[in-house]
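S.K.: Here is how the chains run, residue by residue.
2 protein chains.
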Amino acid sequence: VSSRTSDTGLEMDAAQETSSRGVRERRFNLDRAGRVIPGLVWTPEDAPAPLPLVLIGHGASGSKREPYVVAVARRFVRHHGFAAVAIDGPIHGDRRADGGASPDLAFLEFGQLWRDDPTMTDQMVEDWRAVLDAVRDLGDVGAGPLGWWGLSMGTIIGLPVVAAEPRIQAAVLGLMGIVGPTKKRIEADARGLGCPVLLLQQWDDELFARQSTLDLFDAIGSKEKQLHANPGRHTDVPPDEFEATTAFLARHLRP
Amino acid sequence: VSSRTSDTGLEMDAAQETSSRGVRERRFNLDRAGRVIPGLVWTPEDAPAPLPLVLIGHGASGSKREPYVVAVARRFVRHHGFAAVAIDGPIHGDRRADGGASPDLAFLEFGQLWRDDPTMTDQMVEDWRAVLDAVRDLGDVGAGPLGWWGLSMGTIIGLPVVAAEPRIQAAVLGLMGIVGPTKKRIEADARGLGCPVLLLQQWDDELFARQSTLDLFDAIGSKEKQLHANPGRHTDVPPDEFEATTAFLARHLRP
Numbered sequence: 059v060s061s062r063t064s065d066t067g068l069e070m071d072a073a074q075e076t077s078s079r080g081v082r083e084r085r086f087n088l089d090r091a092g093r094v095i096p097g098l099v100w101t102p103e104d105a106p107a108p109l110p111l112v113l114i115g116h117g118a119s120g121s122k123r124e125p126y127v128v129a130v131a132r133r134f135v136r137h138h139g140f141a142a143v144a145i146d147g148p149i150h151g152d153r154r155a156d157g158g159a160s161p162d163l164a165f166l167e168f169g170q171l172w173r174d175d176p177t178m179t180d181q182m183v184e185d186w187r188a189v190l191d192a193v194r195d196l197g198d199v200g201a202g203p204l205g206w207w208g209l210s211m212g213t214i215i216g217l218p219v220v221a222a223e224p225r226i227q228a229a230v231l232g233l234m235g236i237v238g239p240t241k242k243r244i245e246a247d248a249r250g251l252g253c254p255v256l257l258l259q260q261w262d263d264e265l266f267a268r269q270s271t272l273d274l275f276d277a278i279g280s281k282e283k284q285l286h287a288n289p290g291r292h293t294d295v296p297p298d299e300f301e302a303t304t305a306f307l308a309r310h311l312r313p
Numbered sequence: 059v060s061s062r063t064s065d066t067g068l069e070m071d072a073a074q075e076t077s078s079r080g081v082r083e084r085r086f087n088l089d090r091a092g093r094v095i096p097g098l099v100w101t102p103e104d105a106p107a108p109l110p111l112v113l114i115g116h117g118a119s120g121s122k123r124e125p126y127v128v129a130v131a132r133r134f135v136r137h138h139g140f141a142a143v144a145i146d147g148p149i150h151g152d153r154r155a156d157g158g159a160s161p162d163l164a165f166l167e168f169g170q171l172w173r174d175d176p177t178m179t180d181q182m183v184e185d186w187r188a189v190l191d192a193v194r195d196l197g198d199v200g201a202g203p204l205g206w207w208g209l210s211m212g213t214i215i216g217l218p219v220v221a222a223e224p225r226i227q228a229a230v231l232g233l234m235g236i237v238g239p240t241k242k243r244i245e246a247d248a249r250g251l252g253c254p255v256l257l258l259q260q261w262d263d264e265l266f267a268r269q270s271t272l273d274l275f276d277a278i279g280s281k282e283k284q285l286h287a288n289p290g291r292h293t294d295v296p297p298d299e300f301e302a303t304t305a306f307l308a309r310h311l312r313p
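So the protein lines, in turn, are chains P and W. Per my numbering, residue 59 is the first one in the first sequence, and the count goes up by one each step. Per my numbering, residue 59 is the first one in the second sequence, and the count goes up by one each step.
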């Protein structure tokens with residue numbers, strides 16, 4: 059495998075670099091003291107840095123290559139000229155020995171990890187901060203406005219990331235509530251938020267009780283926050299909302 | 059006062075006709091068996107009928123000339139080439155002897171009327187249907203796609219209008235809940251809805267308890283429905299939401 063390592067430790071896999079319809083996609087690994095973080099970064103083929111950058115957290119069972127993750131990332135690049143980056147979640151994608159070939163198993167194991175390992179969230183926050191620093195050091199990305207996009211596990215992990223990272227200026231969160239083993243922390247993180255937040259809710263979500271998501275919206279401390287609720291189960295988010303979420307971040311991150 | 063009456067009974071006040079920045083505004087009265095309905099109709103200065111038409115219901119204390127009503131109407135005309143029509147609510151605007159000069163009194167009286175007069179809603183539904191027929195008969199409007207836009211009293215009256223009128227293809231409602239004297243009817247009307255609905259909620263609404271609006275959203279029978287909640291009191295709807303509501307109707311009514 060042909061690869062090169064940037065000054066900031068991003069090891070780019072040149073063999074996996076692709077470019078299509080104006081979007082350049084690069085596969086990287088970031089070595090954080092022996093913990094390897096696999097990721098993808100999407101950039102416009104031709105746009106001057108610094109670019110607004112959106113951090114995308116995927117949902118449990120998926121990966122950084124999840125079709126909707128790639129679609130959202132490409133949308134930010136093509137429609138708005140932003141950069142986007144996604145990494146594999148804990149025990150997901152290329153962090154697994156099976157390379158993400160067992161989505162149901164990853165889902166199950168994530169549930170156990172969330173319940174049993176209180177360090178999981180902090181590890182992921184540190185992974186994201188390391189990735190953020192490294193990606194912003196890329197010459198064609200730079201230190202532009204910063205946003206978060208993540209639903210479900212992308213909020214379980216994203217809420218703490220946004221709470222911990224003052225550089226994030228706007229966030230799309232959702233399909234999650236104040237539930238589970240880290241309930242108190244979720245509530246505290248929510249109260250600590252200050253940036254504009256769009257929170258998505260599936261009205262008939264079978265994984266997160268309706269009230270738990272309303273409680274999360276209520277707890278969010280940001281002066282500017284929006285709840286968008288739609289009928290249907292956890293994964294039934296309507297296509298319109300994907301557009302609404304990208305438009306929301308585009309509005310807040312436009313330089 | 060110079061006036062002319064159309065075949066369908068719309069008495070247009072030519073002296074009050076204005077045109078600015080591509081928007082023609084006409085003041086009309088419609089006589090429905092002695093009950094005079096005062097209204098305004100906005101159309102593009104130059105667009106071929108049939109046009110999509112949005113019926114706009116104003117909030118209690120206001121009138122068909124309420125600044126946000128005019129702004130929403132003009133937005134539909136200028137940005138989307140639609141027509142729009144607003145009429146004065148019960149005991150509001152030009153239906154009052156004071157011509158709408160006492161908004162607080164109108165608000166108070168509407169509260170009493172809503173509580174005490176079970177015929178109020180049906181009267182307003184009939185007023186709206188008569189106006190709808192007459193406006194669609196205007197040569198420069200015609201029978202195009204049809205939508206409803208109304209918050210607060212514009213939903214108290216609008217929900218029954220949308221429930222009764224199968225020609226309405228999409229509706230913006232909000233700032234209301236399942237409360238008050240007509241609770242059962244509100245719920246029944248909501249369950250009977252079939253068209254796409256965008257429901258706005260102010261999270262800290264001092265007039266409608268949070269749960270009552272969530273109950274209304276829950277009851278809406280439409281397969282396609284969206285709740286948008288924002289922090290703040292009853293009248294603190296953020297400007298973004300006005301854009302979202304017009305975009306919502308534009309998407310559903312575009313011919």
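Treat each hint with caution, since some may be false.
[As the list claims (entries may be wrong)] Covered stretches of chain P (in silico footprint by chain W; criterion: 3 or more residues with CB under 8 Å from a CB of chain W, positions within the stretch not fixed):
#1 109 to 120
#2 286 to 292
[Stated by the list, open to error] Pair ranges (Cβ atoms, derived):
#3 P:G92 <-> W:R312: 49 to 57 Å
#4 P:T293 <-> W:A201: 48 to 56 Å
#5 W:P161 <-> P:R291: 23 to 31 Å
#6 P:D71 <-> W:Q269: 18 to 26 Å
FYI, nobody ran anything at the bench for these hints, they're computed from the structure. Just so it is clear, CB atoms sit at the ideal spot from N, CA and C, and this is done for glycine as well.
S.K.: Against this structure, judge whether each hint is valid.
M.R.: Verification of the supplied hints:
no. : hint                          : verdict
1   : 109 to 120                    : violated (count 0)
2   : 286 to 292                    : holds (count 4)
3   : P:G92 <-> W:R312: 49 to 57 Å  : 55 Å, holds
4   : P:T293 <-> W:A201: 48 to 56 Å : 40 Å, violated
5   : W:P161 <-> P:R291: 23 to 31 Å : 45 Å, violated
6   : P:D71 <-> W:Q269: 18 to 26 Å  : 52 Å, violated
Hints 1, 4, 5 and 6 from the earlier list are contradicted by this structure; the remaining hints agree with it.
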